[in-house]
Amino acid sequence: MQSWIPLVPDSASTFSWKVDALYFYLSGITLFFTLLISGVLIFFVIRYRRRTPYEIPRPVAGSHKLETIWTVIPFLIAMTMFGWGARVYFDQYKPPTNAIEVYVVGKQWMWKLQHATGQREINELHVPVGRKVKLIMTSEDVIHDFFVPAFRTKADVVPGRYTTMWFEPTTPGTYHLFCAEYCGMNHSGMTGSIIVMEPREFDNWLSGNIGATTPAAAGQQLFQTLGCASCHGANGEGGRGPTLAGAFGKMTPLQSGETVRVDEGYIRESILNPQAKIVAGFGPIMPTFQGQVSEDQLVQLVAFIKSLRATGQTPATAASPAQTASPGTAPSPTRNVR
Amino acid sequence: MTTDATTAPEVHAHRALQHHFENMEQQREAGTLGMWVFLVTEIMFFGGMFLAYTLYRSLFPASFASASNHLDITLGTLNTGVLIFSSFTMAMAVYFTQIGKHRPQLLCLTITLLLGLTFLGVKAVEYYDKYEDHLIPGRLIPGNPFNPAVQEEGQKPDPHKLHLLQGATVPQVEMFYWIYFAMTGMHALHMIIGAGLLTFLLIFSLKRRFDPEYHSPVEVIGLYWHFVDIVWIFLFPLLYLLGRHFEHG
Amino acid sequence: MRAIESFEVPAPPKVNYINAQYGLKSWLLTKDHKRIALLYLGSITFFFFIGGLYAMMIRLELLTPQGDLLQSTTYNKVFTQHGIIMVFFFLIPSIPATLGNFLIPMMIGAKDLAFPRINLLSWYIYLLGGVVTIYALLAGGVDTGWTFYTPFSTTFSNSYVVATGLGIFINGFSSILTGLNFIVTIHTMRAPGMTWFRMPLFCWSLYATSLVMVLGTPVIAITILLLAFERVSRVGIFDPGLGGDPVLFQHLFWFYSHPAVYIMVLPSMGVISELVANFSRKNIFGYSFVAFSSLAIAVFGFLVWGHHLFVTPQSIYAGMIFSFLSFAVAIPSAIKVFNWTATLYKSSISYDTPMLYALGFIGLFTIGGMTGLFLASLAVDVHLSDTYFVVAHFHYIMVGGALMGYLGGLHYWWPKISGRMYPEGWGRFSALVIFVGFNLTFLPQFVAGYLGMPRRYHAYPPEFQVFNVLSTAGASILGFGMLIPAIYFVWSMRYGKHADANPWHLPGLEWRTPSPPPTENFEVTPIVTWDAYEFAPREETEVVGKFRPELERT
Amino acid sequence: MSEHIVPVRVYIAVFLVLLAGTALTVAAAFYDFPWQLNTIVALTIATAKATFVVLYFMHVRYSVRLVWVIVASALFWMAIMFALTFSDYRTRKWDGRLGMIYSPGCSVVSRTSIMRRQDGQFKRIVASDVLIGASQKGQAPLISL
Ligand code: HEA
Ligand code: HEA
Ligand code: CUA
Ligand SMILES: [Cu+2]
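Quick note, the sequences are listed as chains S, P, F and L, same order.
Every number in my numbering is 384 more than the matching position in the first sequence, counting from 1.
Every number in my numbering is 52 more than the matching position in the second sequence, counting from 1.
Every number in my numbering is 1 more than the matching position in the third sequence, counting from 1.
Every number in my numbering is 13 more than the matching position in the fourth sequence, counting from 1.
The shape of chain S in the complex, shown without the other chains:
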């Protein structure tokens, strides 16, 4: 802790300085206008104070020129704020493709997180410096919000759908994680910490946490026990249902003539509400699994389907996750680390 009072929080992600810069710009303009207006006010109030009780000043007519000036200039300034804000916002919310993925399930009043490599965490998230991290989030009950001040980003976690956010940590350390959407009794207790580590330490941490199955491997098991395999084939090679292997990220033609991209949200919907979008060439025979799978299990099924490669090769199994290549789009965090 510093002994002086800080004005900005710790900066620990690539967004930090971007947001801070805009914040300082806005503060500067605010300071300028506040000082300008209060300065002029104070000057007038002193200069033109009432000197005799019955005096009447000369009326002054308005001026279109002045009005135009103080309409146009603030508008232009405001547009710079808008443009800048929108640019950074775009960065903040457009998820990158080459990121480590972490699944987050919020529930009253805790955060359950799972790495693609299987490690589960509660109210804590370990991430390496210098890697993009993408969170795929959903809630079991009410709306929560995943807020990391040091990263200058947050996003709501909404029941009934997936939302995403991403960041790239830059400085090792331990940072606050807050729930920033009011969610009931223990909202203020729904906090945790984000532990940003050097890549090497992070590797150690990962390998020190073996034992958990990867979400994809757990999903594979579910795929069997829930009977998905009876229609889609044990490895998603297809059958009565469409081929799932290699489907992720591609566009699928639908009965209705539209096409949809197979992303996490779509897979989730296909499991819970298969009737909503019927793949071209198939009948609406897939039953809904609504009420039979939990939000966690769904995440695992999604991870499994993502991990299926087109060639039909077997995906990752429960072996030591830290050593195995992480399935799915994200390369394992243990790779490419120097």
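These are calculated hints, taken from the structure and not from any lab test.
Every residue gets a Cβ at the ideal spot worked out from N, C-alpha and C, and that includes glycine.
Be a bit skeptical, because a hint or two may be false.
Label-pair ranges, simulated between beta-carbon atoms [to be verified]:
| hint | chain 1 | residue 1 | chain 2 | residue 2 | range |
| --- | --- | --- | --- | --- | --- |
| 1 | S | Leu-391 | F | Phe-50 | 34 to 40 Å |
| 2 | L | Ala-61 | S | Gly-573 | 40 to 46 Å |
| 3 | L | Leu-56 | S | Leu-391 | 51 to 57 Å |
In silico lysine-lysine, BS3-like type, Cα no more than 27 Å apart, as pairs [to be verified]:
| hint | chain 1 | residue 1 | chain 2 | residue 2 |
| --- | --- | --- | --- | --- |
| 4 | S | Lys-518 | L | Lys-106 |
| 5 | S | Lys-478 | L | Lys-106 |
| 6 | P | Lys-259 | P | Lys-153 |
| 7 | S | Lys-478 | S | Lys-516 |
| 8 | F | Lys-32 | P | Lys-259 |
| 9 | S | Lys-661 | L | Lys-106 |
| 10 | S | Lys-661 | P | Lys-213 |
| 11 | S | Lys-449 | L | Lys-106 |
| 12 | F | Lys-347 | S | Lys-449 |
Knowing the structure of chain S, use the given hints to seat chains P, F and L with the ligands on it.
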């Protein structure tokens, strides 16, 4: 619009002139304007529900069509006719008041009221059908939660069973019925209020309160009644009709 | 410079609206807009103090980081009820239903509002809504936050959501009826010669406010109603279980509640226009710009609600549209601020209490509004949303702005309302205390917010304690400052100096009738031949720049 | 200004038009137009009917401009509400944040679920009395009004 015109004190003030108005003209204008502004609030009130309807219909077309097909189109059409007719008689009531014909005015008001009650009666029948088919959403009726029977493939058609089109699901059908009951329920509530207002008009008309110079209440309540009719003019195709063509498509 | 000519002041009447009739019944069944305004004044003050009490509980609890004073469930109820009462039962009705009710007919030279009975009805509706809400508070309270976000409010909260919602629903109709009454009155009841552009700016701003009330309130009414039904029946349009979207609730809620913030601030802006012009004895600079900016705020105010949804999964494109429009709505506010400031140029400024509040308003509103721009710039809002920065932003506008305007207006028109003067010295002193206390309370919250302290937190990490201690200290000063006017207003009703018809020597229509005014407001219907704020004849006008809009209009 | 009195035959004509419109819209509903035309036809007829009511039964045709402005503003504000809300829903699928797919939440123990029959076929069963939400945490949901 403004009252810049005269300030001359009214020599023979009408007995219905309120003290704070300059003359009957101003009073009538204020009344009509007030009702129009009120109707704007009503439009926005229904607007929220129309928004929800539009959103979910665009998301779940098949489910909404399936649910909509379960509504009774004959009763719906009948009710549309009834309401249009009542709007017509209401307009005539205003007309007869304007020209000062007392008995036709009374007659028109009575018919309007009766037609309004007919509408509510038919609506009640429809609601009861939905109740029988367990289509009241959620647990609005505690003993009778939403629980419709679904027509299975290959069974013989049963009007009390929900026929799900391809892509339709039961929860989304429930969503439709939720919106259906919210919108028609609000509409029916407005009809009930309208019927109350008409009763009030009838009583005052019997006491011969209205004349060509003073008939703001008739006119203003007429505006309200027509508005309620307009809401139904939109509800009818949206709720009853739009799903039909899915059957054939 | 000319000296003021004393207007001919009507002799103090023996019969005024206060002593025209006696007895409780004469008040409870009155159709006189001035008496109804007083009924509102009483009930609104009551709710303000309840809301203030809750505020004090919040501040006390936040003095220490551990959350030891209140349990978290209690705390959640406290801030929820603070927000609900302050917004729906104090600030939204505050100026329109008291000062507006009292003054609009007088300012336009009418005997009453167009629908006196509806006016009284609106008060009873307000009261009914208030009683239902208080019942909910006493029965166990409500803990959803004043925003009632689903699915927490529909399914998970164990508190009295339906009753509170019902109270707000009912209260909404009182707001609608008030707005409706004002619109019709301003359209049809203006005295001869009182053209639109001779109306005081207070009327313009209340006209704009009424538009928002009429167009927006029904939407919150239906939204709350659907929410209540959803809670009772356990399913509905916001229910993810049916495929519904909880974010739809937020759209519908903010469709009203963003415009509602302009319901709160527009009337205050109207008051400030009056104060600035009248206490500097100057016609307002750019009358038509100030007048139309009120309408512009009312209209644009409906286009920006999505700025409350930047971090909910609203699409980023919609976020950009809403951000852009939010910046657009800042412009009319900027116009007002600049015009007020320009009005003071070469004027004759008095330091009476109302003017102190007006000056305070301009400064604090600027800070509050400019910090609104922080929140409207998307990237910064991603960091700031739901932190104390937002809390500070809206208190700067709602307390530093709207509430200051209300207090300023109350002081300004108090002689007209009560026929007595408030004690000027105490007035200035309390204005100063409130200003200092206010800034001490809410300035530190901006910093805490940027550092990341989330709002609606009952316990918080200890590094934020500095700011909260400052804030609580400020709130105590603020609370103390609020008590002073409450005491001296009551005191002055009996012991205050008698006010004559025009204690401030002003040209407005409301000052050309005795204080307190007779029931019919004016002995004879006035015929208006002068502009608003016409202290000196127009021929003497000094022209800044080439154009002279006010002169060209006849 | 005294009010305009609309002749009776106008009222009757409008009444007939409205009945015809109703018949037409019902007939159109049983006919399949291509694309979204069914919706458009139905809404056009409804709007036309409403316009007739507004103009003649509600006398707007003969009213002062202010009433026109009021009617127009109501429509305008409805348009704002729709346009800006849909500016969100319609663009959600573009923004790469997993679109806008809403599916029933899992924790929300749903009212519909499925049963697997002996023969391996699935059957949809409806169980409305399964509780929502709170039941997950093993407590009966207490809903106070
Ligand atoms: C009276 C109430 C009021 C008013 C008038 C405003 C006015 C504004 N508000 Fe505020 N706001 C609230 C009350 C109010 N707000 C409340 C209660 C909340 C929180 C709700 C909750 O979640 O509980 C909130 C939240 C809120 C948010 C959401 C924050 C979040 O939760 O993430 C945003 C985001 O854009 C915002 C923006 C604005 C803007 C741009 C204005 C603008 O209208 C301000 C315009 C004014 C000025 C700009 C100042 C004057 C101009 C100048 C001095 C000239 C210089 C100008 C320029 C250079 C442009 N407000
Ligand atoms: C008109 C609106 C209005 C007004 C006037 C106020 C006035 C005040 N508000 Fe409030 N506030 C809101 C609207 C308003 N607020 C809203 C909408 C929220 C959001 C709620 C939510 O999140 O759902 C909020 C939330 C809110 C919070 C954040 C809570 C949280 O997120 O956890 C805080 C914290 O400091 C706060 C403080 C104050 C203070 C100190 C005052 C002071 O200005 C109050 C001053 C008045 C008095 C003090 C009363 C007079 C004196 C007495 C009653 C005598 C007793 C006094 C003493 C013993 C000293 N308010
Ligand atoms: Cu979870 Cu707040
Ligand atoms: Cu806002």
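Against the structure, the hints:
1. Leu-391/S to Phe-50/F: 34 to 40 Å: Holds - the Cβ-Cβ distance for Leu-391/S and Phe-50/F, about 36 Å, lies within 34 to 40 Å.
2. Ala-61/L to Gly-573/S: 40 to 46 Å: The hint (40 to 46 Å, Cβ to Cβ) is violated, given that Ala-61/L and Gly-573/S are roughly 59 Å apart.
3. Leu-56/L to Leu-391/S: 51 to 57 Å: holds, 56 Å
4. Lys-518/S to Lys-106/L: OK: Lys-518/S and Lys-106/L at ~19 Å, within 27 Å.
5. Lys-478/S to Lys-106/L: holds, 13 Å
6. Lys-259/P to Lys-153/P: holds, 14 Å
7. Lys-478/S to Lys-516/S: holds, 12 Å
8. Lys-32/F to Lys-259/P: holds, 25 Å
9. Lys-661/S to Lys-106/L: holds, 15 Å
10. Lys-661/S to Lys-213/P: holds, 24 Å
11. Lys-449/S to Lys-106/L: Between Lys-449/S and Lys-106/L the Cα gap is close to 46 Å, so the pair fails against 27 Å, i.e. violated.
12. Lys-347/F to Lys-449/S: holds, 19 Å
This entry does not satisfy hints 2 and 11, going by the numbered hints stated previously.
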